[in-house]
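Engineer: Chain residues, written in single-letter form:
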Amino acid sequence: MSSLKNVKPVSDIVSNNKNNQLPDTEPFLPDIAGSLSDFFSNSPLREFSDNLLRSVPGLPPVVQTIHLLGVAVIVGSMVFLCLRILGLAANRQDPYEMAQRLFPWFFSAIPVMFISGALFFLARPQRYIYNPIFTIKTVAFLLTIFASFWLWKYSSELKTNTIRLPTKLLAAVVMSGWVITALAGRWIAYSDYIFWPE
Amino acid sequence: MINAVLTHEFWLSLEYLPLAEQIGATWWFPLINSLHVLAISFMLGALLMLDLRAAGVAANRYSIKDLCKDFLPWIWASFVVACITGIALFITRASAHMLNPAFQWKMLLMVLAALNMVMFHWQTTRYRLADIQPENFPVMLKWSGIVSLLLWAGVTLAGRWVGHIV
Numbered sequence: 313m314s315s316l317k318n319v320k321p322v323s324d325i326v327s328n329n330k331n332n333q334l335p336d337t338e339p340f341l342p343d344i345a346g347s348l349s350d351f352f353s354n355s356p357l358r359e360f361s362d363n364l365l366r367s368v369p370g371l372p373p374v375v376q377t378i379h380l381l382g383v384a385v386i387v388g389s390m391v392f393l394c395l396r397i398l399g400l401a402a403n404r405q406d407p408y409e410m411a412q413r414l415f416p417w418f419f420s421a422i423p424v425m426f427i428s429g430a431l432f433f434l435a436r437p438q439r440y441i442y443n444p445i446f447t448i449k450t451v452a453f454l455l456t457i458f459a460s461f462w463l464w465k466y467s468s469e470l471k472t473n474t475i476r477l478p479t480k481l482l483a484a485v486v487m488s489g490w491v492i493t494a495l496a497g498r499w500i501a502y503s504d505y506i507f508w509p510e
Numbered sequence: 089m090i091n092a093v094l095t096h097e098f099w100l101s102l103e104y105l106p107l108a109e110q111i112g113a114t115w116w117f118p119l120i121n122s123l124h125v126l127a128i129s130f131m132l133g134a135l136l137m138l139d140l141r142a143a144g145v146a147a148n149r150y151s152i153k154d155l156c157k158d159f160l161p162w163i164w165a166s167f168v169v170a171c172i173t174g175i176a177l178f179i180t181r182a183s184a185h186m187l188n189p190a191f192q193w194k195m196l197l198m199v200l201a202a203l204n205m206v207m208f209h210w211q212t213t214r215y216r217l218a219d220i221q222p223e224n225f226p227v228m229l230k231w232s233g234i235v236s237l238l239l240w241a242g243v244t245l246a247g248r249w250v251g252h253i254v
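Just so you know, the protein sequences line up as chains A and B, in that order.
In terms of our numbering, the first sequence has 476 at position 164, counting the first letter as 1, and numbering is strictly consecutive.
In terms of our numbering, the second sequence has 101 at position 13, counting the first letter as 1, and numbering is strictly consecutive.
Treat the hints with care, as some may be off.
Straight-line Cα separation of at most 25 Å, DSS-like style, residue types lysine-lysine; simulated pairs [said to hold, decoys possible]:
id, chain 1, residue 1, chain 2, residue 2
1, A, 471, B, 230
2, B, 230, B, 153
3, B, 157, B, 230
4, A, 480, B, 157
5, A, 480, A, 465
Here are some, though not all, of the chain B residues that point toward chain A, as calculated from beta-carbon distances under 10 Å [claimed, not checked]:
id, residue
6, 114
7, 122
8, 123
9, 128
10, 131
11, 132
12, 150
13, 155
14, 161
15, 164
16, 167
17, 168
18, 190
19, 240
20, 245
Quick caveat, the hints were computed from the structure, so don't treat them as lab data.
Since we're looking at a predicted model, the values are computed, not measured.
For every residue, glycine included, the Cβ atom is placed at its ideal position computed from N, Cα and C.
Work the whole structure out from these sequences, hints included.
Structural biologist: Here is the structure:
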């Protein structure tokens with residue numbers, strides 16, 4: 313992408329910011345990002361993932377496609393179930409039956425997503441740990457997966473003829489949460505546009 | 089003949105459109121790219137449910153006709169959004185994309201997916217199969233559902249690969 317050539321990589325900017333910090337300021341919070349970065353950079357998994365992605369021809373796009381098809385499975389299970397609960401899609405299907413049928417797909421997609429994503433994270437931990445969009449994605453992911461489990465726990469609510477408002481609100485949260493998580497995932501590679509515009 | 093089309097200066101002229109320059113040089117590119125990915129995931133998510141039912145693998149309690157009514161509007165709307173955003177991304181580097189093997193594969197696989205869809209539609213409407221039970225549904229049309237999923241997975245892979253070649 314020619315348009316990206318003039319934009320500084322995140323890692324450069326982060327290291328510049330570090331150099332500009334006053335040496336005698338006491339950190340208010342422990343350096344969580346620094347500790348995480350050290351931990352993952354020194355881990356043998358980093359070298360393994362990095363070598364794997366570099367040495368197997370075509371592996372990066374293949375693993376990214378698996379991750380992307382996983383997004384489609386999550387949309388095709390959780391997001392469409394939420395749209396059904398909100399009465400916006402699939403209204404010829406029974407919501408409780410849909411939940412029973414679709415949650416296993418959702419739960420199977422999560423480990424696939426986690427492993428395919430972790431491979432890229434482990435290969436270049438600093439690229440992600442110091443990226444604000446990755447932080448947003450992580451927070452959105454954790455909140456949304458928690459909300460999704462909650463929806464699973466209360467899925468018997470879907471047996472009733474009229475779904476109650478709290479269930480609908482929860483479905484709206486879960487649906488927007490997965491959309492935000494997916495969008496944030498795509499924006500990890502573009503965070504320079506938002507945080508360090510030219 | 090094909091080479092003449094692929095290397096035609098028309099593709100280069102697209103890159104000099106004011107719109108193409110606006111997209112390529114600003115945050116419009118990542119915005120449109122993320123909408124492209126979102127549209128694809130909605131399209132494939134709905135298509136996955138429909139194709140698995142066509143294959144007789146899932147949701148067999150509903151007829152293909154009912155699932156088509158539920159999901160086809162979502163599939164087509166998402167496909168239109170994916171096409172518009174896709175064209176918007178394409179014009180920023182049209183001449184390079186035309187010569188990019190990954191892009192060529194992507195277009196070829198989409199044509200094959202379209203032919204598979206037309207064949208499925210033609211057979212199910214002609215023999216009025218959209219209402220019948222999964223066990224009576226022709227095996228060839230069940231396979232057509234699986235082939236559709238494989239072709240679209242291939243389209244996704246080729247599309248992702250485009251970014252690794254440019």
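Engineer: Quick one, is the residue 167(B) hint okay against chain A at 10 Å, beta carbons?
Structural biologist: Interface hint status for residue 167(B): violated (13 Å vs cutoff 10 Å).
Engineer: Would the stated hint for residue 164(B) survive a check requiring a Cβ distance to chain A of less than 10 Å?
Structural biologist: violated (13 Å)
Engineer: Tell me if residue 131(B) is really an interface residue toward chain A, meaning its C-beta lies closer than 10 Å to one of theirs.
Structural biologist: holds (8 Å)
Engineer: Does residue 230(B) lie within 25 Å of residue 157(B) when you go C-alpha to C-alpha?
Structural biologist: holds (19 Å)
Engineer: The hint names residue 240(B) as touching chain A; please verify it with the least Cβ-Cβ distance against 10 Å.
Structural biologist: holds (9 Å)
Engineer: Decide if the proposed pair is consistent with the structure: residue 480(A) and residue 157(B), CA atoms, cutoff 25 Å inclusive.
Structural biologist: Between residue 480(A) and residue 157(B) the Cα gap is close to 23 Å, so the pair holds against 25 Å.
Engineer: Grab the minimum C-beta distance from residue 155(B) to chain A and call the hint holds if it beats 10 Å, violated otherwise.
Structural biologist: For residue 155(B), the interface hint holds, since the closest Cβ of chain A sits about 8 Å away, which is under 10 Å.
Engineer: Hold the hint about residue 123(B) up to the distance rule: shortest CB distance to chain A must be less than 10 Å.
Structural biologist: Because about 9 Å separates residue 123(B) from the closest Cβ in chain A, which is inside the 10 Å limit, the hint holds.
Engineer: Given a cut of 10 Å on the nearest C-beta pair, is the interface hint for residue 168(B) held or broken against chain A?
Structural biologist: violated (17 Å)
Engineer: If you take the shortest Cβ to Cβ gap from residue 132(B) to chain A, is it below 10 Å?
Structural biologist: Holds, because the Cβ-Cβ distance from residue 132(B) to chain A comes to roughly 4 Å (cut-off 10 Å).
Engineer: Measuring from the C-beta of residue 161(B) to each C-beta in chain A, is the shortest one below 10 Å?
Structural biologist: Cβ of residue 161(B) sits 9 Å from chain A, so the hint holds.
Engineer: Should the hint that residue 122(B) touches chain A count as held when the rule is a Cβ pair under 10 Å?
Structural biologist: With a closest approach of 4 Å, the residue 122(B) hint holds.
Violated hints, in rising order: 1, 15, 16 and 17; the structure is consistent with all others.
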